[in-house]
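Engineer: Yeah, the sequence shown ends on 240 if you go by the UniProt record's numbering, and it's all consecutive.
Take these hints with a grain of salt, some might be off.
[To be verified] Think about it this way: if two alpha-carbon atoms lie no more than 30 Å apart in a straight line, the pair counts; the simulated DSSO-like pairs of lysine-lysine are: (1) 210 to 28; (2) 116 to 183; (3) 224 to 210; (4) 101 to 124; (5) 53 to 210; (6) 28 to 124.
[Said to hold, decoys possible] Derived DEER-like restraints, expressed as beta-carbon distance ranges: (7) 153 to 200: 29 to 39 Å; (8) 48 to 115: 38 to 48 Å; (9) 195 to 153: 21 to 31 Å.
Since the hints were made in silico from the structure, they are not lab data.
Just so it is clear, CB atoms sit at the ideal spot from N, CA and C, and this is done for glycine as well.
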Amino acid sequence: MRLFNKQRQDNNLTQNSGAQLVTYHEPKNPVSEQFRTLRTNIEFVSATLPQFKTVLITSAEISDGKTTVASNLAVTWAQSGQSVLYVDADLRRSTAQATFKVLPNRGLTTVLSAAKMPIDAVQKTQITGLDVLTAGPVPPNPAELLGSEKMTTIITWANAHYDKVVIDVPPVLAVTDAQMLMKQVDGVVLVVALGKTKKANIKRTVEIMKLSQTPIIGVIHRDKKKQRYASYGYGETFKK
1 MRLFNKQRQD NNLTQNSGAQ LVTYHEPKNP VSEQFRTLRT NIEFVSATLP
51 QFKTVLITSA EISDGKTTVA SNLAVTWAQS GQSVLYVDAD LRRSTAQATF
101 KVLPNRGLTT VLSAAKMPID AVQKTQITGL DVLTAGPVPP NPAELLGSEK
151 MTTIITWANA HYDKVVIDVP PVLAVTDAQM LMKQVDGVVL VVALGKTKKA
201 NIKRTVEIMK LSQTPIIGVI HRDKKKQRYA SYGYGETFKK
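The whole structure should be built from the sequences, with the hints applied where relevant.
Structural biologist: In structure tokens form, the structure reads like this:
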């Protein structure tokens with residue numbers, strides 16, 4: 001019960017205050033260097049792919065740290081000189097507006113449910129080269145919207161206008177939202193929390209991801225106690 005309450009507190013903190021952008025506020029922090037290393041490792045692994053512009057970042061369970069990883073990776077790509085779009089596709093529990101201090105009243109659902117273009121909802125952040133598309137107002141049918149043809153149009157538009165598109169989606173085992181997008185991205189990164197995420201759930205998640213035939217770029221381990229992040233090939237995860 002104590003662990004559950006702690007996870008819920010962390011979850012609420014991220015949703016209300018946003019993810020911690022250590023890579024922006026403390027670029028010389030060792031954790032910032034770990035995120036830059038993660039970025040380099042992802043680029044290295046993806047070098048064999050025909051294209052790697054759109055990456056989906058998810059987790060098996062809630063409170064595994066996927067949003068912190070996604071937002072900080074987006075910052076590091078922008079800091080490396082690339083144009084980046086961060087898409088908050090967690091339509092049920094949006095955090096991008098709090099993380100990047102932008103307006104919450106327009107975003108992905110605004111474009112998906114109305115006759116609007118993505119450019120009408122994309123907002124610039126305080127970070128050079130990094131734009132954000134927030135989740136927007138909470139819809140009654142998140143999975144259906146993410147699986148729609150309009151979502152395909154948005155991703156195609158983003159690929160044409162940015163060097164990198166980072167999409168943050170809900171945990172795979174919680175809802176089907178992530179599965180709706182897997183076939184539309186160039187690669188998937190799975191975030192797991194050391195000492196929290198169950199190995200059986202990681203395996204189930206990888207099995208679901210493999211069904212989409214989307215390349216699994218790797219797994220990022222988050223050790224909250226030691227403030228450490230490390231990446232592995234997804235097969236290595238089960239040996240840890």
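Engineer: With reference to the structure, classify each hint as holding or not holding.
Structural biologist: Consistency of the hints with the structure:
1. 210 to 28: violated, 37 Å
2. 116 to 183: holds, 24 Å
3. 224 to 210: holds, 27 Å
4. 101 to 124: holds, 10 Å
5. 53 to 210: holds, 19 Å
6. 28 to 124: holds, 24 Å
7. 153 to 200: 29 to 39 Å: Holds, at about 37 Å.
8. 48 to 115: 38 to 48 Å: holds, 40 Å
9. 195 to 153: 21 to 31 Å: violated, 41 Å
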